[in-house]
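Construct the complete structure from the given sequences, taking the supplied hints into account.
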Amino acid sequence: MYSTFSNIQESFKLAWKHKMLWILALVLMGGANFNSYSNLSNVANKSSDSIETPQLDKIPFDKMTPLEGKYNLESDGQGNFELKNDDALSPDVVIPSVPVNSVLGMAQASPNFNIAGFIGSLVIIAPIVLAVIFFWAAIGFLTSVWVKGALYSGLLKACNSEAYDFKDLGSEGKSNWKRYLKLALYFFFKRLLSVIPITVVSVVLAAVNGSTTASAGLNAVFGILMFLTILWALIYNIRLYFVEQFSLRSIIADNVPTKATFKLGWKYYKTRPGKSIKLALALLLVLPVFMLILFLPTGLLAGIVAFLVKQEASFLIIGLVGFFAAITGGVSMVVATPFICNVTNFSWTRLFLFARESFDTKPAQDPVEFMYKPEAANGQI
Amino acid sequence: MDKSKTAGFFRRYFAQVLDTFIGMSITIVPFFVLTFSAVTAYIKSPMELNPLSLVPPVALLFLMPIVIFFYSWYFTHKFGGTIGKLLFGLRIVDGNGAYIDKATAFWRMTVGYTISSTFLGLGYFWAFRKKEDLTWHDRFLGTKVLTVGKPIWGIVALVLLKILFIVLLVYFVTGVLPQFLSIPSVVPAPELGYTQPAL
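So the sequence lines, in the order shown, correspond to chains A and B.
Those letters in the first sequence? Residues 1 to 381, by full-length UniProt numbering.
Those letters in the second sequence? Residues 1 to 199, by full-length UniProt numbering.
Simulated from the structure, these hints should not be mistaken for laboratory data.
It should be emphasised that the depicted structure is a prediction, and the values quoted were computed from it without experimental measurement.
Just to be clear, a hint being listed does not mean it is correct.
Unchecked claim - Heads up, simulated DSS-like pairs for lysine-lysine below, C-alpha to C-alpha not over 30 Å straight-line:
1) B:K5 - A:K167
2) A:K182 - A:K19
3) A:K275 - A:K17
4) A:K19 - B:K131
5) A:K174 - B:K5
6) B:K131 - A:K174
7) A:K182 - B:K102
8) B:K78 - A:K178
9) B:K150 - B:K102
10) A:K178 - B:K102
11) A:K19 - A:K174
12) A:K157 - B:K102
13) A:K167 - B:K78
Rendered as structure tokens:
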């Protein structure tokens, strides 16, 4: 008998057993995280005002290196300097025929900046960069739809205790990628459409506020309208998530055209809306706790490192414990990410199979009057 | 599977290294040459900064990976491998021993390599397992890499490219860098901490 608890429990077992599917789950999740240049941006964002030179405040004025003579400066005895004349600042620097500022030298000299050339280069470079980004994004998207085909096929086979290998999954990915691509686009447009009412109300609200005849009552009406549209979009998108879970599995399990898959997804969801919501909430509760347990050793080691740093322990011990913390964290991450992802995937697959079984046992409620039409002949997207 | 015909890990690895060197020699080297020529021109005449001179190297850096992608795709489908693989006497074939079709070549280069790169590239090292010499992308796409000749031309090309890179590096260190190092330094403004009267 199906229950949410037994579903999740069984999903943990299945996810651990079918490690081949971890590979696909990891690819689907995006694999590596390219945040390596975040440090550079941090440096770039750092304001020059924040550069501190506290050592300068500690040096007495009379101990500072005298600048007079060498840099053509004249001191007033109070720490203020003035140029004696407009000659070159240092005898070893000769920059002929250049409009050099007398104090800041080349740093202040403004080159003949070619603004037309700069705009021209931007006009050439920007489309190239955008096209290249689009190209690699498209490749990434195609990769993800291929992997979906392989993954969901593997999930269904694993749940049905069928044998499979790398090549079977690859063949499924290869033969189903177009349908997954269409389904992804279909859901994308559905989500996009759900935002349209909010946009319309926002535009009208902005127009009303802009006009001089705007009243408080009208604003209140539009405020309520805005709240309702946002609420509707939120509920619709949550339901769409459930439908998507069923549709993604239905492509492989039911082998129907894309649009029919979407309709089937709705039907499966409508048979078990309570169980779908219950499963989503249970996963939201269980998985973070499991993640916490999995990363506990890393957290403890990180805590020990922090403690050792505070105690000013030897660099070797801190480095060693830090190294172990990094290794533990890395291993936990590599294991936890695909495992957790597949626990979720298996849970939804098992619920999908349960919802589908309930139809099989009641033939009178045939959910797919449009089933088993070959996609090419059907003409649907 | 005929074990004697499938290529081992190291031969495939060095073929990949050769491909990387070839890719670098047509991407990174022209990029550096164009960039340094633009920067050198700027140094020689600092007041005449022409941003358009930086367009070719930047465009090259962005576009060449795509060119290499399409070249690899075409060569894999048409000739059974990229230049590196061909010189090392390797051919990528499907289960029937024929060169792989366009779709399989595409998926092998995109999905296949992505899959093998997960778990710190474990999929590539899978070629050691079970003595089948099959990586994860081979297993998923049903392909295999066969040895059809001796790797001598690949080794020669690899050594020559290595020498070329060393020569370029030496030239860069001894010929290009000193130009930058001999630039007259900008006179520093008075150190922080002093107050400066308004000019």
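(message) When the structure is checked against the list of hints, which entries are broken? Sort them ascending.
(response) none
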